[in-house]
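Chains as they are written, first to last, in my numbering: chain A, 1 to 310; chain B, 311 to 811.
Do not take every clue at face value.
Each computed SDA-like pair below joins lysine to any residue, with the alpha-carbon atoms no more than 20 Å apart [as the list claims (entries may be wrong)]:
#, chain 1, residue 1, chain 2, residue 2
1, B, K653, A, K196
2, B, K418, A, T306
3, A, K196, B, D385
4, B, K339, B, K494
5, B, K581, B, G603
Because the hints were derived from the structure by calculation, they are not lab data.
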Amino acid sequence: MKDIFNITFLIALLSASIRLSVPILFAALGGMYSEKSGVVNIGLEGMMLVGAFAGVVGSYFTGSYWIGTIVAVLSGMLIAALFALITVKIKINQIVSGVAINLLAVGITSFFYRALFGITTVPITVNAFSPVSIPILSDIPIIGEILFKQTALVYIAFILVPISHYIFYKTSLGLNIRTVGEHPMAADTVGIPVEKVRTACVLISGALAGLGGSFLSLGQFNMFVDNMVSGRGFIAVAAVIFGKWSPTGVLMASLIFGVADALQIRIQMSGVSIPYQFLLMFPYILTVVAVTGIVGRTTSPKALGTPYEK
Amino acid sequence: MNTILRMVSISKYFGTLAANEDVNLEVKKGEIHSLLGENGAGKSTLMNVLYGLYQPDKGEIFFEDKKLNLRSSKDAIDLGIGMIHQHFMLVPVHTVLENIIMGMGKEKGLVIKEEKLKKEISEIAKKYGMEISLDSKVGNLSVGQQQRVEIVKALYRGAKLLIMDEPTAVLTPQETEELFTTLKIMAEDGMSIILITHKLKEVMFVCDRVTVLRDGKVTKTIDTKDTNELELARFMIGRELMPIERKQEYKVGEPILEIESLSHEGEKGEKSLNDISLTVNSGEVLGIAGVDGNGQKELAEVIVGLMKASSGTILLDGKDITENTIEEIVKMGVGYIPEDRHKRGLILDFSVSENLILKDYYKKPYRKTLFFDFNVINKHADDMISKYSIKTPGRHAEAKKLSGGNQQKVVVAREIHKLPKLLIAVQPTRGVDIGATEFIHQEIIKAKEDGAAVLLISTELSEINYLSDRIAVIYKGGIVGEMDKSDFDENRIGLMMAGAN
Numbered sequence: 001m002k003d004i005f006n007i008t009f010l011i012a013l014l015s016a017s018i019r020l021s022v023p024i025l026f027a028a029l030g031g032m033y034s035e036k037s038g039v040v041n042i043g044l045e046g047m048m049l050v051g052a053f054a055g056v057v058g059s060y061f062t063g064s065y066w067i068g069t070i071v072a073v074l075s076g077m078l079i080a081a082l083f084a085l086i087t088v089k090i091k092i093n094q095i096v097s098g099v100a101i102n103l104l105a106v107g108i109t110s111f112f113y114r115a116l117f118g119i120t121t122v123p124i125t126v127n128a129f130s131p132v133s134i135p136i137l138s139d140i141p142i143i144g145e146i147l148f149k150q151t152a153l154v155y156i157a158f159i160l161v162p163i164s165h166y167i168f169y170k171t172s173l174g175l176n177i178r179t180v181g182e183h184p185m186a187a188d189t190v191g192i193p194v195e196k197v198r199t200a201c202v203l204i205s206g207a208l209a210g211l212g213g214s215f216l217s218l219g220q221f222n223m224f225v226d227n228m229v230s231g232r233g234f235i236a237v238a239a240v241i242f243g244k245w246s247p248t249g250v251l252m253a254s255l256i257f258g259v260a261d262a263l264q265i266r267i268q269m270s271g272v273s274i275p276y277q278f279l280l281m282f283p284y285i286l287t288v289v290a291v292t293g294i295v296g297r298t299t300s301p302k303a304l305g306t307p308y309e310k
Numbered sequence: 311m312n313t314i315l316r317m318v319s320i321s322k323y324f325g326t327l328a329a330n331e332d333v334n335l336e337v338k339k340g341e342i343h344s345l346l347g348e349n350g351a352g353k354s355t356l357m358n359v360l361y362g363l364y365q366p367d368k369g370e371i372f373f374e375d376k377k378l379n380l381r382s383s384k385d386a387i388d389l390g391i392g393m394i395h396q397h398f399m400l401v402p403v404h405t406v407l408e409n410i411i412m413g414m415g416k417e418k419g420l421v422i423k424e425e426k427l428k429k430e431i432s433e434i435a436k437k438y439g440m441e442i443s444l445d446s447k448v449g450n451l452s453v454g455q456q457q458r459v460e461i462v463k464a465l466y467r468g469a470k471l472l473i474m475d476e477p478t479a480v481l482t483p484q485e486t487e488e489l490f491t492t493l494k495i496m497a498e499d500g501m502s503i504i505l506i507t508h509k510l511k512e513v514m515f516v517c518d519r520v521t522v523l524r525d526g527k528v529t530k531t532i533d534t535k536d537t538n539e540l541e542l543a544r545f546m547i548g549r550e551l552m553p554i555e556r557k558q559e560y561k562v563g564e565p566i567l568e569i570e571s572l573s574h575e576g577e578k579g580e581k582s583l584n585d586i587s588l589t590v591n592s593g594e595v596l597g598i599a600g601v602d603g604n605g606q607k608e609l610a611e612v613i614v615g616l617m618k619a620s621s622g623t624i625l626l627d628g629k630d631i632t633e634n635t636i637e638e639i640v641k642m643g644v645g646y647i648p649e650d651r652h653k654r655g656l657i658l659d660f661s662v663s664e665n666l667i668l669k670d671y672y673k674k675p676y677r678k679t680l681f682f683d684f685n686v687i688n689k690h691a692d693d694m695i696s697k698y699s700i701k702t703p704g705r706h707a708e709a710k711k712l713s714g715g716n717q718q719k720v721v722v723a724r725e726i727h728k729l730p731k732l733l734i735a736v737q738p739t740r741g742v743d744i745g746a747t748e749f750i751h752q753e754i755i756k757a758k759e760d761g762a763a764v765l766l767i768s769t770e771l772s773e774i775n776y777l778s779d780r781i782a783v784i785y786k787g788g789i790v791g792e793m794d795k796s797d798f799d800e801n802r803i804g805l806m807m808a809g810a811n
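Okay, chain A solo, but in the shape it has when bound (with noise of 0.2 Å):
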């Protein structure tokens, strides 16, 4: 406990949380999209899941964990679309429909896993990402360290951040977003198809919970394992809330939560007297905090879980 707070400390700590946020920053932003159009995406979890077997899958029967984590997008974004088609075509409603997502996410997964690998003691291991240093940026002391020696789907996750941005808030794709999340109907009447936006957008939402799985799986464990998402979906779902439906929010929210999981972790190792179960809870806790309103509801899009019927 002593020598908790010196450098090295810190810096393992930060590199952790950086790490720690991404699968959560991945999601979230999928989640925005989604949210930002009008649906609510409760089924991230399941989405980021069926990514996290996917990519498994994928990397195990082609050595490349690329190709996995190819395979994890696509996957992703099949189950989006089956929520697509009930929450956007058949209008059922969106909470009712992601939960069932997440359901069938984690029976369809373990069924596969044990269906392709059969029963084992040991999970299998795949190919998996391994950390690239980026040239110069990685020399810097201390933030070099941080930032610019993690793995390649970081950097995307990062990247992300700013290109989202740039699409919400420059371009007329997602000016015509924002307008499907926000009033539905005035999208029709300018001639925005509102269905054909929403369902991309859930689309996408898809794909990076399947990126966000793909990063647990290939990225940290290399390996799969039953529900081994473990509520990082719904933290997910947080994020998006806590951070305003802005993508420089939901990158702050995740790394918020990043953060909360890296300390929790690492006092559970300094092995400080608090019961690990309390630890465990910690980024929980942050987010029922997130959920509960202190940000308020007011800036979430107002069309937001409405179906939109003419």
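Use these hints to put chain B onto chain A, whose structure you have.
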């Protein structure tokens, strides 16, 4: 002038209901053409056909001599048909610029070139004398300004024909005048405008020609200079307007409702009612005029107990009811015709007979010990249906199956037949046809003559003028002035509605 639009024998059916039957409409270039008709006459259906939202079952549309086959509103916009809906199609949290260009990605490119777009839009706005600030959030603009944004939005999309649905419903008289000036400039410039309305005065004032619809059919197309308001009313409702019957002698009595420096704060702490003092006497109608959203809803709801006052007192018949519950207030004899009959006035899934006893179902004679007495309830329903001439398939029909006018009659019947001491009527004839309007007006006058104190809250100045004995004007939650009916002056009230005293 040559013709820009011809709609030829358009028919549109919903089930067995003919919303439009054999409708012909012709609009010339540079003309302001009124489409006049009651609610449910088929105006909106016809315009939705023209705007590509509905496909007609029969008939053809020619725009600039080309036959159209519209599949969506996008097709209509691309051809140069613009529509300004009664409820603005604007996103409050977007800037004016964003609202104007939204959905124009194909024409204007993927990346938003802000400076270039702003220049183009400002030029159009200036041409027609409309000042708008492109960086403001639309939610912060007044209704009149928002309407200007809608107009510029349509013009920027290259509209040659502009459809305006009841554009003056939300405006003060002065804003209305400004709008008409703008429309006239646009028409001189060669734009064609279709003005959907049921206000005869406006038709006569601003339009060149008028097409009148009744029950889905065209009853007349005529130049406005060849007709007058009375004749138009006849085309519209198919008979003469009946003047209201008023007793010459009845007496104005004691004060029934006395409001003393009443204030109310909204959720965010903003004052929606600010220090209001009013008195309504037995046997008189106090009309509250004002533009929608200036505290009318709050005033009514605070009195009936749906909202709590933050300060001030409300006396009913001398007793303080400021802290009383809704139930107690209802029992003390307050009738309330709410602004929104769907949300507050009726339970749409309940039958007509159930809706008629919503406030008395637990009382005798409607119940016998624990159970309803359906003989009494049914008889009551039948009595009300015939007395208030409610057109319904029967007493067991769900309220949602009735037309707007008949739904409103159910509310009026329930609130008036018990002879309330105080009757609060908020927009009692909104979205109601002329026949039902006449009827409801007559009932309100009758209630007053029977001794009720009536607080009439309406955004329709003509209604206020028609029914009130005294008139007060509300603006931003405060009363800006009060006058006797004999001092009624539309100009002065219009200015007060915009906050001038």
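Right, here's what the structure says about each hint:
| no. | hint | in the structure |
| --- | --- | --- |
| 1 | B:K653 with A:K196 | 32 Å, violated |
| 2 | B:K418 with A:T306 | 30 Å, violated |
| 3 | A:K196 with B:D385 | 17 Å, holds |
| 4 | B:K339 with B:K494 | 13 Å, holds |
| 5 | B:K581 with B:G603 | 12 Å, holds |
When held up to the earlier numbered hints, the structure conflicts with 1 and 2 and fits the remainder.
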